[in-house]
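Chemist: What follows is each chain in one-letter form.
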Amino acid sequence: MDFELSEDQVALQDGVRSFCDGRFPIAVVRGLADSGGVDRDRWRELADLGLFSLRLTEAEGGAGLGWADAVLAFEELGRALVPGPLLWTHLLADRIEGAAAGQVVVSGIERSDPSGIIEFGQLIDRLVVLDDEGVWVVDPATLETEPVEVLLDPLTPVSRLAAPLPHGERIGDATTAADLRLAGAALSAALELGLAEAATDLAVAYAKERHQFGRPIGAFQALKHLMADMFVRAELARSAVYAAGVTLDDPSVGSVTRAVASAKVTAGEAALGNAKTCIQVHGGMGYTWEIDAHLLLKRAYVLEASFGTRDDWSDILADLVGAAG
Amino acid sequence: MDLRYSASDERFRAELREWLGDTLPEVADKPDPDDWPARRIWDTDWQRRLFEAGYAGISWPIEYGGRGATLVEQLIYLEETTRAEAPYVGVNFVGTLHAGPTIMAEASAEQRDAHLPAILRGDEVWCQGFSEADAGSDLASLSCRGVRDGDEYVITGEKIWTSFAQVADWCELLIRTDPEAPKHKGITWVMFPMDTPGIEIRPIETIVGSSEFSEVFFDEARVPVANRVGLENDGWRVAMVTFGFERGLGFVSDLVETDRLLSELVVLAQKVTRRSARAWDDVALRREVGHLRAEMDALWAMTKRNLSQAARTGVPGPGGSVVKVAYSELFQRITDLAMRILERGGLARQDLGDWPSGRFVEERLRSTSFTIAAGTSQIQRNIVAERILGLPRE
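One line per chain: the protein sequences are D and B, in this order. For the first sequence, counting from 1, position 255 maps to 255 in the numbering used here; every step adds exactly one. For the second sequence, counting from 1, position 233 maps to 233 in the numbering used here; every step adds exactly one.
Same shape as in the complex, but just chain D (with noise of 0.2 Å):
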C-alpha cells in the first residue's frame, strides 16, 4: 500500500496544473463568458494536452491511463475554473468519434431529470442522454429549447427543453449508463475538490494581505479558524475522490459505490462550505462581481447538480450501509 501519488502522477499534475496557468488564467476564464464558456482553439489545446484521451489506450491515440490519473487532472482543470463540457466529452471519448480529438464537443443529461436544464446547448456537437436503459446520442440540432437567459453562473450557459427529448441512438446499454454516472460523479468530485483548494488559497492569500486594526485579519482566530476549516474539508474530499479514483481502477481495494458516494458528498461539502467561506472571509469585497469569488460559489453549485446531489449520494450510502447492518 502506498497512497501518495507516483512520479508519474506528480509529473501529470503539474503538467496541467501549468497549463491551466498558462492557458487558463483567471483573466481568460471570465473572458470566456462572451464566447458561451467554449473557445474552440481552446478547447483543441485541451484536446491536445490528452485530457480527453487520457484514459484511451496508446493504440485508440490515448495515455492510457486511469480514474486515478483523470481526478488528478480533473482536479486542476476544477481549481483553474476552466469552463465548458469537460466531463461528458471526456467520458464519452472513447464513444463519440471526434471527441477525444476536441473536434467534438459533447454534453449531456439524465432523462428523467425534471429539469430540463441543458449545460452548453447551444454550442455543443452531440447530447448524451443516460436512462434505465441504456446511453443515447443525439443531434443538439434536433433538439426544441428555449434560451435561458439569465445565468447562475456566467460559464455555464444552459438552455431548456421545450419538447420532450427525443429517443436518439443507442450506444450503450444500462450497465454502461450506471458506470458514465459513477465515473462522472468522482470526476466531477475532482474538479469539486480542485474548487475547494482554489477558495482556500484564494482566501489565505486575502487575509495575510488584508489588515484591520493595525494587523492582517488572517492573525484573528475567528478567521483562521474559518479557513483551517476549508483546509480541513479539502483534505477529507482529496482522500476521498483519490480513493475514488484508485478504486475505479480496482475494484478489488473497496466498493467503487461507496467511494465514488464517499467522494461526491465530501468533495460537495468542501466546494460549496469554501466558496462560501471565501466570500465571508473577503468581507464586503467578496460581494463584488470583481472578486473571484463569486465564481467559485457559482460553479461549485453548478458541481454539486452534476452527477448526483450530496443528498442523492448520501442516500445511496446510507442504502449501502443499511443493507449490510
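Honestly, the hints are just simulated from the structure, not real lab data. The reader is advised that the hints may include incorrect statements.
As the list claims (entries may be wrong) - FRET-style restraints, in silico, Cβ to Cβ: (1) Glu7(D) - Glu63(B): 25 to 35 Å; (2) Glu85(B) - His167(D): 49 to 59 Å; (3) Glu85(B) - Asp319(D): 22 to 32 Å; (4) Thr206(B) - Asp319(D): 37 to 47 Å; (5) Glu85(B) - Ala11(D): 37 to 47 Å; (6) Arg387(B) - Pro25(D): 21 to 31 Å; (7) Ala348(B) - His167(D): 55 to 65 Å; (8) Gly21(B) - Asp319(D): 31 to 41 Å; (9) Ala348(B) - Asp319(D): 25 to 35 Å.
Bear in mind the structure is a predicted one, so any value in this text is a computation, not a measurement. Built from N, CA and C at the ideal position, the CB exists for glycine as well.
Put chain B on the given structure of chain D with help from the hints.
Modeler: For chain B alone, coordinates are given in the frame of chain D:
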C-alpha cells in the same frame, strides 16, 4: 497510488488474527472501571501476553525490544486489535506510547536498560505529569517547581489530568527549574517514582462518574538528579521529541471505534420503532447517516494518505491535527444522532431491553472530551491555520 495490501502484510494480518482468536478467550472479564488495582492487573496481563507473542512495542525499534513493524503493519495491528475488541492499551498508554519513546530518544543507556524492557513486559506502569490547573493549552507556562538541592530536585506544586496516577510506578514529570528563563527554556524532564514521600493523589470525578484522571500534589518531594532525562532546562525539547512518535497513526484506534459506533447506530435505528415506524425509515435520518458514513470513509482514506506520506518521508504530515479535528467532531455528531433516535430511551444510561442506550449515552457524554483532550479543537485549528496555511499568529 495503490491501496492494495502486500502479500506479507496479509500474512501479518492472518497471523495476528489467528493469535487474537486463540488468545482473547483466555482473557479474564473486564474489571469494574473504578477498581484501579484490578484494572492494572488486567491491562498489564494483556501487555505481558503481547510481549510473549512478539507484539509488544509494535512501533518500537527492534534494538529496544520492539517489533519494528512497518507503518502498514502498525495500521493492520490497530485495525485488527480494535475490531477483535482486544483490550485497549489502558494503563500501559504512557509507558509504551510516550514516556518509553522519550526514553529511547533522549535517555542514557543505563536509564534505557532500567526502564524499556520493564515497560514492554508490563512490569512498569507510567503516568504523565505535564498539565497544570493554570497550564493547559499553554503547557509551557507550567509552574510546578523543582529546586536543585545537591544531587536532588525538591519538587513543589501540582499537576492535573494525570491518568492512571493511582496505579503508576513512574511519572514522566515536567518541572520548572529556572523560573527566570523564558518559559520554554526553564523546564526539566524527570522520571519521578510514584512511591516518593511528599505526594498526594486526588482522583477527579468525570462527567461519566469515572475516576481515570487525578490531581497530583507535590510537597517538597525529592527526586535524584540522576533521574533527569536530557539536560537541565532542556525538558521542553525532550517532551516535544516524541509528540510525533506515532507518525500519523495516533488516532487509528479512535477511527476504528468511530467506524464501529456508526455501524452500531444503523443497527440501533433499525431496532427502534417510534410513531409506528422504524427510526431507519425516516428519510432525513437515513440521509444523515449516509453523510456521516461518507465522511468516515474519507477519514479512513486520509489516514492511509498520512501513513503513506510518513512511510516515504519518515515524518508525519501535519495531517494529525486535521484527522483529530475531523474525527472528534464526527464522533460527537454520531452520538448526537443516537440521542435523537433514543429520545426518552436516552434518559437511561444503561441498556433497555435490546436498546443499547447504555453504550450510546455513555459515548455521548464521554465524547465531549474528544474535542478537548490532546489539544482542543480550537488549538488544532490554530495549528492548521498557522503551520499549514501560514497565517500570522494572533
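Chemist: Among the hints numbered above, which are violated by the structure, and what are their numbers in rising order?
Modeler: none
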